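Each protein sequence line maps, in turn, to chains A and B. Everything in the first sequence is counted per the working numbering, starting at 1 for the first residue and increasing by one. Everything in the second sequence is counted per the working numbering, starting at 1001 for the first residue and increasing by one.
No lab work stands behind these hints, which were simulated from the structure alone. Note that the structure is a prediction, hence the values are computed from the model and not measured. Built from N, CA and C at the ideal position, the CB exists for glycine as well. Be aware that a few hints might be false.
Said to hold, decoys possible - Cβ-Cβ distance ranges computed for the label pairs, FRET-style: (1) Tyr3(A) to Lys1443(B): 27 to 33 Å; (2) Ser2(A) to Arg1499(B): 26 to 32 Å; (3) Asn34(A) to Val1467(B): 33 to 39 Å; (4) Pro1636(B) to Asn46(A): 19 to 25 Å; (5) Glu18(A) to Lys1431(B): 53 to 59 Å; (6) Glu18(A) to Asp1237(B): 33 to 39 Å; (7) Asp1470(B) to Lys9(A): 18 to 24 Å; (8) Asn1485(B) to Asp103(A): 33 to 39 Å.
To be verified - A few chain A residues that face chain B, going by a derived Cβ cut-off under 8 Å, partial list only: (9) Glu7; (10) Ile13; (11) Val15; (12) Asn25; (13) Pro63; (14) Cys74; (15) Asp86; (16) Asp89; (17) His90; (18) Tyr101.
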Amino acid sequence: MSYCRQEGKDRIIFVTKEDHESPSNAELVADDPNDPYDEQGLILPNGDINWNCPCLGGMASGPCGSQFKEAFSCFHYSKEEVKGSDCIDHFRNMQECMQKYPDLYPQEEEKETKTQTEVVPDQDSSPPSSVSDSDVLSHSSSPTDSQRAS
Amino acid sequence: MLKCRAVWRKLAPLARSASTQCRHNVKTALNNGRRQAFVPATHMSTGPAGGGGSENTLYVVLVGAACLGGGAYAYMTVRGDSKRYEERISELASRSAKEAPESQPPVAPEPEEAAPTSEESAPVAELSGETESASAEEPVTEVPAEPAAPVVEEEAPTEPAVTSLPESAPAPEPVSAPLTLPSHAPYLLIGGGTASFAAARSIRARDPGAKVLIVTDEPNLPYMRPPLSKELWFSDDPSVTETLRFKQWNGKERSIYFQPSSFYVKPEELTSAENGGVAVLTGKKVIQMDVRGNKVKLDDDTEISYDKCLIGTGGVPRNLQVIEKAGDEVMNRTTLFRKIEDFKSLDNVSRNVKSITIIGGGFLGSELACALGRRSSETGLEVIQMFPEKGNMGKVLPEYLSNWTTEKVKKEGVRIVPEALVKSVAFKEDKLEILLKDGRQVKTDHIVAAVGLEPNVDLAKSAGLEVDSDFGGYRVNAELQARSNIWVAGDAACFYDIRLGRRRVEHHDHAVVSGRLAGENMTGANKPYWHQSMFWSDLGPDVGYEAIGIVDSSLPTVGVFAKATSKDTPKAATEQSGTGIRSESETEATAVTPVASSTPAPVMEHKDEYGKGVIFYLRDKVVVGIILWNVFNRMPIARKIIKDGEEHADLNEVAKLFNIHED
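The shape of chain A in the complex, shown without the other chains (with noise of 0.2 Å):
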């Protein structure tokens, strides 16, 4: 049984496991996925990639960014039956750019990169969890971790 406490200003409430067992009653506003104030996700409400997205992390703005964008923009609009298939010499175009920073792109991206096709378009629904923005290099930026079960 929950019980609760008063301590001047503040108030204490103790709770089982049992008393959060019901559904809240609580009432949450509806989001707006087209609220253009919102972080976006990876895709935005217009079908534009959003080279922004915390997502890509360093991947559209570092020295290989335009090739990136390049590839990535091909593979989105790429209309073919295995996506992607009329974008490899962009892919490639990438690669070699990122070969010359090792430091950046670890070699390991190579394979993460050829996994696009796991990239889910429609991203808006979740708002992703948040911008923080500490680059992590060995995970920087493979699009496929852009996957968020919503």
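Guided by the hints, dock chain B onto chain A, whose structure is given.
Positioned in the frame of chain A, the structure of chain B alone reads:
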């Protein structure tokens, strides 16, 4: 002009009297003149026919002189101004002309041209032979069709200009570029900290090919600050002060630098970089800002003009007045902790002294106390922490929680001296003696002052920017803009939060969020501050919390707690979510969904009542701040509640949304 007017005013009575006198004289003259036959019908009062000859002439002379003087002065001023203006313009033009050849780097001279160029031995403002391919890019200089044709170049004196043979590719490559800085940066970011870096990244993502120049007075590339008072202290690596890398609980290692140096472009090469880039100019301080002219001046007198500018100057640690007045012996034994060098020096000190006292009971003070306290168990170091409040984080946590936290900090090996107001500090018998106002005395070897941050608003005066009197920092609007083309982000920005009102936030995530936002707005987004930043703190392995919004202990709070299990610690949270430090669990790439444990967590009996829970901070019955106490990966829910800004009748129901009993 004013001189004229003053003179005129002085003369006016005289003139008036002179003129009335004249008129009087004229009247008498006229009257006299009636007796004469030929008298002109009207007279000017100053006419020679007037009787008052001497006063008239005096009057004429004075007026004439005043007018002449005024006219001459005006003419001289205008002439001088326009002359100065012309000089300035020509100076600027000549400077940009000088820059132009530099930004067109010379192509590798052909071997046969080494001969004609060998005669140029003087290093300064040298002319060197160029190949034809370079000619296309030299708009200012003559076409060097003949290899011997000189091209105006400025070269660094140390550079063996002629003999340098860079890549022979015909495309212009930056050849042993002279050490000249760009005189213009489309995006200029003042300050090389978290906010600037986040803005740089944002700009580069949104403006393809953007050229971003960061100017910082520190010698380091941009780095993150939180590990300096947390993770770096827990590292097992003895060379951590050099590498600044750290392993976390789960073994993953990273550097505190956001990016290694290969990410950045050299400042000299920024203007010519084909796809733009981010350049960091270290060791230079911006001392003046000319907002009308869109340029800044550095401490070495160079000027850099910009299109868009961000001020991310952060702040400087505050010091206690009593320490500043106490003299050099005390100041030399005091650390104001903020930068990498402070970390290095404190690490060194902590290995060589017997006792360290931390003054300040907030985030930084408590984290350092815990970090040093941890070390004390190995080295026998005495760690004392003193502060005016009753308990650690007294200004943030409600009293019951602050007391509980203080007990935890004590368990980390720290001797707490609460309700301590420092009266004086003296250096006696090789020890620092801290005398408190209530008479208590603390003897120690070294002091760390963690008593707040003074936002750096040095540029406000020259730039004419507003400084906020309540919170400090530059006053900016909801879009972080101070004036056209000038934005401020990070610790130095006092901004308008649409939801929570005007505030200034000194946390890492805020620097990231505001830096990103400023970068977006610098590239035309026009978005207000909307995404609420969070912050976190770990006080040893048992106490960790994440918080969002306004978390001020003077607000009424409602805390909902459950009993903690062994799984509810920061250590467990990182192990489970697989992220290195908790700061990462909120970042890109590693977003992890809250994992519900499949087996019921064993309930361990703690005698502490506040194992884990949620604390709501209320202002006018609306939740404006939330602390997640030993409850992790729930920040999105907290953010949503703050964003809604609704009045909730029963906060226990809201607390249910957090599932605090689960992992």
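Going through the hints against the structure:
Restraint check, tyrosine 3(A) to lysine 1443(B): a C-beta distance of roughly 46 Å breaks the suggested window 27 to 33 Å. With their beta carbons about 30 Å apart, serine 2(A) and arginine 1499(B) fall inside the hinted range of 26 to 32 Å. For the pair asparagine 34(A) and valine 1467(B), the supplied restraint of 33 to 39 Å holds, since their beta-carbon distance comes to about 37 Å. In this structure, proline 1636(B) and asparagine 46(A) meet the distance hint of 19 to 25 Å, their C-beta atoms being roughly 24 Å apart.
In this structure, glutamate 18(A) and lysine 1431(B) meet the distance hint of 53 to 59 Å, their C-beta atoms being roughly 57 Å apart. Checking the proposed 33 to 39 Å range against glutamate 18(A) and aspartate 1237(B) shows it is violated: the Cβ atoms sit about 47 Å from each other. Checked against the given bound of 18 to 24 Å, the beta carbons of aspartate 1470(B) and lysine 9(A), roughly 23 Å apart, stay inside it. At about 35 Å, the beta-carbon gap between asparagine 1485(B) and aspartate 103(A) stays in the expected band of 33 to 39 Å.
Interface restraint check: glutamate 7(A) against chain B, minimum CB-CB distance 6 Å, threshold 8 Å, status holds. Interface hint at isoleucine 13(A): satisfied, since its Cβ lies 5 Å from the closest Cβ of chain B, which is below the 8 Å cut-off. Taken as an interface hint, valine 15(A) checks out: its beta carbon lies about 6 Å from the nearest beta carbon of chain B, inside 8 Å. For asparagine 25(A), the interface hint holds, since its Cβ comes within 8 Å of a Cβ in chain B; the closest pair sits about 5 Å apart.
Hint on proline 63(A) holds. Least Cβ distance to chain B is approximately 6 Å, under the 8 Å limit. Given the 8 Å rule on beta carbons, the hint for cysteine 74(A) is violated: about 15 Å separates it from the nearest Cβ of chain B. At a threshold of 8 Å, the smallest CB-CB gap from aspartate 86(A) to chain B is about 22 Å, leaving the interface hint violated. Nearest Cβ of chain B to the Cβ of aspartate 89(A): about 18 Å, over the 8 Å cut. The hint is violated.
The interface hint given for histidine 90(A) is broken, as the beta carbon of that residue sits about 15 Å from the closest beta carbon of chain B, more than 8 Å. For tyrosine 101(A), the suggested interface contact is upheld, since its CB lies about 5 Å from the closest CB of chain B, less than 8 Å.
Violated hints, in rising order: 1, 6, 14, 15, 16, 17; the structure is consistent with all others.
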